[in-house]
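Peer 1: Since the structure of chain A is already known, use the hints to place chain B on it.
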Amino acid sequence: MFLIVEARFLAPDVKLLRVQAPLIARKRKAGQFVILRVHDHGERIPLTIADSDPVAGTITIVVQGVGKTTKMLNLKSAGDSICDVVGPLGLPSHVEKFGTVVVIGGGLGTAIAYPTAKAFRQADNHVISIIGGRNRQFVILEEEVRAISNELFVTTDDGSYAEKGFVTDQLAALIAAGRKLDLVLAIGPIPMMRAVAEVTRPHGIKTVVSLNPIMVDGTGMCGGCRVIVGGKPQFACVDGPEFDAHQVDFQILIQRNAMYRDMERKALDQLLQPPAPAVSAGKDAQCPDGDPCRFVEKVPELAGVWKTGA
Amino acid sequence: MHNPIPPKERMKIHRQLMPEQPPLERARNFVEVNRGLDVALAQEEARRCLTCKTQHCFSACPVGVQVRDFIDLVVAGDYLGAAAKIREDNVLPAVTGRVCPQEKQCEGSCILSARGESVAIGYLERFVADYERSVGKVGLPARAPLTGKKVAVVGSGPAGLSCAGDLVLKGHDVTVLEALHEIGGVLVYGIPEFRLPKQIVRDEVENLRLMGVEFRTNVVVGRTVTVDELLGEEGYHAVFVATGAGLPMFLNIPGEHLCGVYSANEFLTRVNLMKANEFPAYDNPIYDCRGKDVAVFGAGNTAMDAVRTSLRLGAKCASIVYRRSEKEMPARAEEVHHAKDEGVQFQMLTNPLEFLGDEKGWLTGVRLQRMELGAPDKSGRRSPVAIEGSEHVLPIHVAIIAIGNKGNPLVQSTTPDLATTRNGYIVADAEKLKTSKPGVFAGGDIVTGGATVILAMGAGRKAAKAIHEYLQSGIW
Numbered sequence: 001m002f003l004i005v006e007a008r009f010l011a012p013d014v015k016l017l018r019v020q021a022p023l024i025a026r027k028r029k030a031g032q033f034v035i036l037r038v039h040d041h042g043e044r045i046p047l048t049i050a051d052s053d054p055v056a057g058t059i060t061i062v063v064q065g066v067g068k069t070t071k072m073l074n075l076k077s078a079g080d081s082i083c084d085v086v087g088p089l090g091l092p093s094h095v096e097k098f099g100t101v102v103v104i105g106g107g108l109g110t111a112i113a114y115p116t117a118k119a120f121r122q123a124d125n126h127v128i129s130i131i132g133g134r135n136r137q138f139v140i141l142e143e144e145v146r147a148i149s150n151e152l153f154v155t156t157d158d159g160s161y162a163e164k165g166f167v168t169d170q171l172a173a174l175i176a177a178g179r180k181l182d183l184v185l186a187i188g189p190i191p192m193m194r195a196v197a198e199v200t201r202p203h204g205i206k207t208v209v210s211l212n213p214i215m216v217d218g219t220g221m222c223g224g225c226r227v228i229v230g231g232k233p234q235f236a237c238v239d240g241p242e243f244d245a246h247q248v249d250f251q252i253l254i255q256r257n258a259m260y261r262d263m264e265r266k267a268l269d270q271l272l273q274p275p276a277p278a279v280s281a282g283k284d285a286q287c288p289d290g291d292p293c294r295f296v297e298k299v300p301e302l303a304g305v306w307k308t309g310a
Numbered sequence: 001m002h003n004p005i006p007p008k009e010r011m012k013i014h015r016q017l018m019p020e021q022p023p024l025e026r027a028r029n030f031v032e033v034n035r036g037l038d039v040a041l042a043q044e045e046a047r048r049c050l051t052c053k054t055q056h057c058f059s060a061c062p063v064g065v066q067v068r069d070f071i072d073l074v075v076a077g078d079y080l081g082a083a084a085k086i087r088e089d090n091v092l093p094a095v096t097g098r099v100c101p102q103e104k105q106c107e108g109s110c111i112l113s114a115r116g117e118s119v120a121i122g123y124l125e126r127f128v129a130d131y132e133r134s135v136g137k138v139g140l141p142a143r144a145p146l147t148g149k150k151v152a153v154v155g156s157g158p159a160g161l162s163c164a165g166d167l168v169l170k171g172h173d174v175t176v177l178e179a180l181h182e183i184g185g186v187l188v189y190g191i192p193e194f195r196l197p198k199q200i201v202r203d204e205v206e207n208l209r210l211m212g213v214e215f216r217t218n219v220v221v222g223r224t225v226t227v228d229e230l231l232g233e234e235g236y237h238a239v240f241v242a243t244g245a246g247l248p249m250f251l252n253i254p255g256e257h258l259c260g261v262y263s264a265n266e267f268l269t270r271v272n273l274m275k276a277n278e279f280p281a282y283d284n285p286i287y288d289c290r291g292k293d294v295a296v297f298g299a300g301n302t303a304m305d306a307v308r309t310s311l312r313l314g315a316k317c318a319s320i321v322y323r324r325s326e327k328e329m330p331a332r333a334e335e336v337h338h339a340k341d342e343g344v345q346f347q348m349l350t351n352p353l354e355f356l357g358d359e360k361g362w363l364t365g366v367r368l369q370r371m372e373l374g375a376p377d378k379s380g381r382r383s384p385v386a387i388e389g390s391e392h393v394l395p396i397h398v399a400i401i402a403i404g405n406k407g408n409p410l411v412q413s414t415t416p417d418l419a420t421t422r423n424g425y426i427v428a429d430a431e432k433l434k435t436s437k438p439g440v441f442a443g444g445d446i447v448t449g450g451a452t453v454i455l456a457m458g459a460g461r462k463a464a465k466a467i468h469e470y471l472q473s474g475i476w
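Just so you know, the protein sequences line up as chains A and B, in that order.
All residue numbers for the first sequence refer to the numbering used here, where the first residue is 1 and numbers rise by one.
All residue numbers for the second sequence refer to the numbering used here, where the first residue is 1 and numbers rise by one.
The set of hints was computed from the structure by calculation and includes no laboratory data.
Glycine is no exception: its CB is placed at the ideal position from the N, C-alpha and C atoms.
Please note that the accuracy of each hint is not assured.
[To be verified] Straight-line alpha carbon distances no greater than 16 angstroms define the calculated EDC-like cross-link-like pairs of lysine to aspartate or glutamate that follow:
no.	chain 1	residue 1	chain 2	residue 2
1	B	Lys275	A	Asp40
2	B	Lys149	B	Glu469
3	A	Lys118	A	Glu142
4	A	Lys266	B	Glu278
[Said to hold, decoys possible] Using C-beta positions, here's what the derived DEER-type ranges look like:
no.	chain 1	residue 1	chain 2	residue 2	range
5	B	Pro395	A	Val55	54 to 64 angstroms
6	B	Arg422	A	Pro233	47 to 57 angstroms
7	B	Asp78	A	Glu6	52 to 62 angstroms
8	B	Leu353	A	Ala147	47 to 57 angstroms
Isolated chain A, as found in the complex:
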């Protein structure tokens, strides 16, 4: 069992968890991920390590609650634990002095891009960060990113905060302004990463993306995470997760990630079914007293779903 020492929401349904995992904290480098299993009937899912503290023996993950497993993670509080956490997996980000590096984080992707941006800065790069979200609430870690960036641009799709528009608009503006960009790292939803690749491609700017295919073991054993890069299959867990954006077949990645959508929906519906999730999820994943109000209290953004479901 892996103890959660800190848990707080960064945005609706986006939670930061700091977890006791000394072996992983000691070894982890920017860009690597863990695979975790929330409870003993759980699935194994990969999550990028957002930060680590080798002295305290903790790693930080940021989770967006979209399916059953991530929602259950978001139900966790400090003092709860996670059944299994293994890592650090995957190859670390390739960090060296490139010159001017643009780091783009979309929504949750900001949390994943942050450690690599920090490493780029420590390697003496000029770091331009562009972070964005659907609206103000989904712009996360702004202060943390600002602290390690030479320049920071913030966008929201709806203009509710900072610049209205997409992260790609800012990137295109930098290119149009004649800035010499040596590397772009883009992490976020697949359509965003694909859009970034298309912005930089005509200019021949080296662009790296971090991919999030479905995985089981995370050690190269199952091959479920294969992605097509440069026309060839690569295993994201051992060959990645970072790849050359201009070589990635994003369409196939989108299709493969949708493979279990119906079942994921079913599992989530079952979790959200009042009065208590009908799964043996371990005591701390459920309301201790079975009171649906407590459940909603723990995950405020479920309140709407709750009412319509009931």
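Peer 2: Same frame as chain A, but now just chain B:
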């Protein structure tokens, strides 16, 4: 010897048949196919043993089980004694009694096999191990005084468990490191419940724990900790690498990325380790095979496991597609026979050319080509040659690729002075299992490539012996 029957009479007794779940019933459930011998059947079978002076069965066993002597204890009715006798050489009798290719080893060398009816050594081994479990008394061998030497075993599959068991008995301090969340390696993620119930693996692991072996899950050697760190700051005196052949090979034909195309490793792991067959009680999903057409490419034991698993997940039609003929199939005879009884279709001399999919990226079929056998290749098997104009399409929803594995690179790529072969396997000498790196031994599939549980266990034993010698002498 306890057998009262004169040898001539013994030869008149026919080999007992293994009671099985009826084929069409078992093809739809995950309960174990073979039910095991009862006491009466076991007695009858044990009395067939001729108690030969020259024990070919013993010599043919990769771990050297004293077959004649344990069978004699069965005849005497001392089933716990028989179990203890097996355990002197084999830490996983309930496992090997189920999954060993006995026909190629002990039973294949049995003097009676000349008449086509060798003693059912596998059935008896299983009987003895199950008896022991049913009465809850395990004849665990005694442990030698502690030596103060620490050994790390990387991987908890058959090679690792066997090595750990032997080393702990010699008094060494043994820690098994496992990347997954459960102990057992291929025994838990690869071999299906209907061939090897997982509770048996858990029980055997528990026995090793009682013997003093320490197990740690969620540790990926090469990532969480490196071999150099194990030998350095972690204070281990020797390391045994038994990581298995865990990097699945694909066919490298178009369309392999389509949804519905699995490696056998993934398909089996989702069901065996993650219990996807019990979704949604377990969270991990798998393609809903109910009423669907499934094709498995390859004809080894893993292919048989995958195709039979797909039937149990509700597949309407489950086929083995193999480019050679039935004679060349590497699977155990019993597995092929079981698969046929359960209704698996065998499409021999057929080679896949391309997977076909719809606009959403889902598999719809496979383009196949008929083959004929030509001249023998390097492996001595006649190599398949395509027949012109024989291309055709087989509509399928699920394709499972079971054509073998390459060496998993995590340990090798993080241990620079560990020599490897072109296929990514670790180089180790055949007798001592020493690698190019002092203090590091390797065995099982990561050295030989995909083989059997018992060969891996044999390698684990050899390694344990060599590691013990090394720890005693300090000489590499």
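Peer 1: Each hint should be assessed against the structure and marked as holding or not.
Peer 2: Okay, the hints, checked on the actual structure:
A threshold of 16 angstroms between alpha carbons decides the hint, and for B:Lys275 with A:Asp40 the separation of about 11 angstroms falls inside it, so the pair holds. A threshold of 16 angstroms between alpha carbons decides the hint, and for B:Lys149 with B:Glu469 the separation of about 12 angstroms falls inside it, so the pair holds. As the CA atoms of A:Lys118 and A:Glu142 are separated by approximately 13 angstroms, the hinted pair is consistent with the 16 angstroms bound. Between the alpha carbons of A:Lys266 and B:Glu278 the distance comes to roughly 14 angstroms, so the proposed pair stays at or under 16 angstroms and holds.
The hinted range of 54 to 64 angstroms is satisfied by B:Pro395 and A:Val55, whose Cβ atoms lie roughly 59 angstroms apart. Distance hint check for B:Arg422 and A:Pro233: the Cβ-Cβ separation is about 20 angstroms, which falls outside the suggested range of 47 to 57 angstroms. Roughly 59 angstroms separates the CB atoms of B:Asp78 and A:Glu6, a value that falls within the hinted 52 to 62 angstroms. Between B:Leu353 and A:Ala147 the beta carbons are some 56 angstroms apart, a value that agrees with the proposed interval 47 to 57 angstroms.
When held up to the earlier numbered hints, the structure conflicts with hint 6 and nothing else.
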